[in-house]
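Engineer: Using the sequences plus the hints, can you model the full thing?
There are 2 protein chains.
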Amino acid sequence: MTLKTADTKPPRTKPAQVRLDELMNAAQTLFLEQGFEATTINDIVARAQVGKGTFYHYFASKNEMLDALAKRYTDYFLERLEQAVDACPADDWAQKLRAWICTSITVYVETYKVHDVVYINHHHHDRSNQAKNAILDQLLAIIESGMDAGLWAPANPRIVGLLIYSGVHGATDEIIAAQATDSLPFARAVADACMRLLPSPSCSDSGLTL
Amino acid sequence: MTLKTADTKPPRTKPAQVRLDELMNAAQTLFLEQGFEATTINDIVARAQVGKGTFYHYFASKNEMLDALAKRYTDYFLERLEQAVDACPADDWAQKLRAWICTSITVYVETYKVHDVVYINHHHHDRSNQAKNAILDQLLAIIESGMDAGLWAPANPRIVGLLIYSGVHGATDEIIAAQATDSLPFARAVADACMRLLPSPSCSDSGLTL
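Protein sequences appear in the order of chains B and V. Numbering follows the UniProt record's numbering, in which position 43 of the first sequence is assigned residue number 43; successive positions increment by one, without gaps. Numbering follows the UniProt record's numbering, in which position 14 of the second sequence is assigned residue number 14; successive positions increment by one, without gaps.
Fair warning: there could be bad hints in the mix.
[What the hints assert, rightly or not] Pair by pair, the computed Cβ-Cβ distance ranges are:
| # | chain 1 | residue 1 | chain 2 | residue 2 | range |
| --- | --- | --- | --- | --- | --- |
| 1 | V | Met147 | B | Tyr58 | 51 to 57 Å |
| 2 | B | Gln95 | V | Gln83 | 39 to 45 Å |
| 3 | V | Asp148 | B | Asp182 | 27 to 33 Å |
| 4 | B | Gln95 | V | Arg72 | 46 to 52 Å |
| 5 | B | Tyr76 | V | Lys71 | 19 to 25 Å |
| 6 | V | Asp148 | B | Pro185 | 22 to 28 Å |
Honestly, the hints are just simulated from the structure, not real lab data. Treat the numbers as computed from the prediction; the structure is a model and nothing was measured. Virtual Cβ for every residue (Gly too), placed ideally from N, Cα, C.
Structural biologist: What follows is the structure, given as structure tokens:
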């Protein structure tokens, strides 16, 4: 044990978590600026001002760094959705579902450049991935809670979940492509449309579904 | 002009369209079997039993061949959808929309391996592409015809079109991943759910959309 002096200086080395975050931020910035392929591990450690050994302490390869960035992005997305849902009155499942849909759209519009970089290897034929599953499960939990509360009674809740999940993603791609400045009116219109997928238990299933 | 004899043999060379189709089929088969990257132009002309000059007569590169295969696939998809819609009674727009949704799902399940090969360069961040636009336009035309006929009155028909287009695609990815043997019951359940997005003009917009 070393003797502490009164004027103890802060440690010269940063806490491991801070150093890891800075390294990941440096990689993400470079991937955004110049693309994943064009970025080397040397570029990343130079930007983060750490040695190459630090990189390899955390990641076996550039691809592993990309996987970690994708996981971090998914976690961020899930957390934003959870915060929006939790901010609604307890047991107001319609409000929670609308908040989930609107927040999905606004966060995706805010962050799509990072989304595109970190999911660069998720092609459409990569049909089952953990990020999709975690987000879909969150949505299905809201749909099921509303069913348990007697608020709605979809014939096939999983199909409704898939339609909302994929539909929201696809619809949002359109406003990203259109470079709309305010996504909120669009998000509300999408939520309005999606709510129709959840008929109240008293609602007849006949009519246009014939 | 050469003098024809009575026992004229068929020409040794095939019509240009047949030769082009065979060349494209050879490329598609090889892309499916061994992947786009691993396939060379030499492989393609060997499989099609033509000279390399024939390839370059039609295509400047392997990427141009891929673009042509993607266009052929999209045209096939659109034609299958059109046939299914045209087979419904004239002016029965609900039936036509259900046929469009069910056929989208069944054709996508049938052909997803080709879909994945020919659209290999269509990443999710490629947000505006001609194939999507052509298929979406076909769907929107059915939705608008039903509106003109007074059958339904969605608040925002384009959003409904985007939700159905993307939702059907995403929902189908799930049964492809699950390797379901019969996609028709699933397709009907998806169509049932989607039809709810189109309220009849007399329908109140209150209730769950509050």
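Engineer: Could you work out which earlier hints the structure fails to respect and list their numbers in ascending sequence?
Structural biologist: When the structure is compared with the hints, only number 5 turns out to be violated.
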